[in-house]
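*Asks:* For reference, the chains in residue letters:
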Amino acid sequence: MRPPEPGRPMLRAQDVHKRYRHEEVLKGIDLEVASGEVLCLIGPSGSGKSTFLRCINHLERIDAGRLYVDGALVGYRERGDCLYEMHPRDICRQRADIGMVFQRFNLFPHLTVLQNVIEAPLKVRREAKAEAVERARALLARVGLADKADAYPSRLSGGQQQRVAIARALAMRPKLMLFDEPTSALDPELVGEVLSVMRGLTEDGMTMIVVTHEMAFARDAADTVAFMDAGVIVESGPPEEILSHPRHERTRGFLARVIGARA
Amino acid sequence: MTRVVPLRRPWLWLGSAVVAIAAALLALSIYRNPNIQHGVILQYQFAPAILAGLRTTVVLALLAALIGTLLGVLLAVMRLSASPVLRLASGFYTWLLRGTPLLVQILIWGNLALLFEHIGPFRTNDLLTPFVASVIALGLNEGAYMAEIVRAGIIAVDRGQNDAALALGMSHPLALRRIILPQALRVIMPPAGNQFISLLKATSLVSVIAGGDMLTAAQNISSANLHTIELMLVATFWYLVLTTIASLGQHYIERRLGKSGVGIHATS
Ligand SMILES: Nc1ncnc2c1ncn2[C@@H]1O[C@H](COP(=O)(O)OP(=O)(O)O)[C@@H](O)[C@H]1O
Ligand SMILES: [Mg+2]
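Chains as they are written, first to last, in our numbering: chain A, 1 to 263; chain B, 1001 to 1268.
Honestly, the hints are just simulated from the structure, not real lab data. These figures come from a predicted structure and were not determined experimentally. Some hints could be false.
To be verified - Derived CB-CB ranges, DEER-like: (1) B:D1126 <-> A:Y84: 46 to 54 Å; (2) B:E1254 <-> A:G200: 37 to 45 Å; (3) A:R21 <-> B:R1256: 39 to 47 Å; (4) B:E1254 <-> A:Q14: 20 to 28 Å; (5) A:H17 <-> B:I1155: 29 to 37 Å; (6) A:G46 <-> B:R1009: 28 to 36 Å; (7) A:E85 <-> B:L1070: 44 to 52 Å.
Where a beta carbon is used, it is the ideal one built from N, C-alpha and C, also for glycine.
Using the sequences provided together with the hints, build the complete structure.
*Replies:* In structure tokens form, the structure reads like this:
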């Protein structure tokens, strides 16, 4: 893992706009995440959280604004006043450095657990097979699944699948990890095992942006919590401040609903 | 011990008996028919000319299937691309080749010399021998059908698979080859197998341009000895052998694909 250089911004979003045909989904997002920092993004369904994450690795193209990851503009080259969309090869290179974990795991069902983990290191990074396998086994051990290397994903529980998905993303040695509701599709008793793997990552200094409804996780793992609603960041700050003393009515309403729903 | 008595199904038995008797009568009437000379069938069943035609039929079908599959993947990807020009081009191709009879397409390719005497520095008839014209006509037509089959297969793969592949830094072609198509195969295989069996039989159409296939060979012989029915029965036997082998192969491949857990989607 890269040693974090505290303070250097890993992600910088400036006035990011994104529209789908009729509706503007992101209406000017400004956000900074320092290297080694953990940001938890909370907000109601449909507020644009997933869209924002997908913009960060250019799975979606933005309509206005700028996104920088580790100082480099995402998906475009800037010359003068103009943005030129990058060659696909360069976009792939950028994405390879950003790990992404999905709500529905999206493991490759035709590949074994080990094959899932080594696929991108072999085919994208062109690593030697022995080395990739060795590292994959270490990563699987780290997420507690050393014994499942040869199983197919369909044989695993949801929690196990999500841990494999995390190992798969880590195998590319990302400098930034994006999590899109990584525990929302899990049975309640399986949530803990995934969150504990993620806590381990924060302790190693991984820079992470986590969309989540797990307020307990946000409270003790995040450096910053940002509340998003209807395509804007309503407020952000230390977890204690946002979760316990929100300034905005919309934040208060959301938190009351989330916490009410759990009680 | 308790005995399990299955439900009795008298109608099923009666129906089966009727079918069996009808089949036996038909076979008998062909066997007894004085207009059929069984000696001629036996004489030509393994005749070198017929076997050469059989080989050509197999090669034609395999080459056309290969061209059709590659073309089908290309057309399917074009059809699903973000570019309206590529989508339109692919749609037009499929519309044209599925919308016209294969027989007409074969006749056009076989007679292209009437339209263009030369292709570049070459004489059209030297380049487009009947065999080459047959391969092209069958392959291009096959491509139009395979395009639809492959497209349906790609669409059936969960969109999250492509997202996950791209998020790992894979290029679109790499994601297609390593992640999407292997999963699409399960959906593609059954109709593609049927398509191949149709193709095996459709090769017989190239006899209209003397494509050298088995039917061409059979017709060449029957036009000399006038034993038309006998030679058609000779050909029928071989077509059945080919389609039976193809069906068994299809069955085997589908079973293999079914085992690997492919397509059991990784959802909760
Ligand atoms: N591919 C798409 N096409 C059109 N609209 C979309 C698409 N993806 C998301 N949206 C819309 O964008 C809005 C934000 O969605 P999303 O980012 O998924 O929100 P969240 O993750 O916060 O629930 C929703 O209204 C959704 O309907
Ligand atoms: Mg979402």
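*Asks:* Each hint needs a verdict: does it hold in this structure or not?
*Replies:* Structure-based check of each hint:
As the Cβ distance of D1126 of chain B to Y84 of chain A is approximately 49 Å, the hint placing it in 46 to 54 Å holds. Between E1254 of chain B and G200 of chain A the CB atoms are about 43 Å apart, so this pair conforms to the stated range of 37 to 45 Å. For R21 of chain A and R1256 of chain B, the hinted distance range of 39 to 47 Å is satisfied, since their beta carbons lie about 43 Å from each other. Our hint of 20 to 28 Å for E1254 of chain B and Q14 of chain A is violated, since their Cβ atoms are close to 53 Å apart.
A hinted range of 29 to 37 Å holds for the C-beta pair H17 of chain A and I1155 of chain B, which are about 30 Å apart. Look at G46 of chain A against R1009 of chain B: about 56 Å separates their beta carbons, and that is not inside 28 to 36 Å. Between E85 of chain A and L1070 of chain B the beta carbon distance is about 30 Å. The supplied range of 44 to 52 Å is therefore violated.
Violated hints, in rising order: 4, 6, 7; the structure is consistent with all others.
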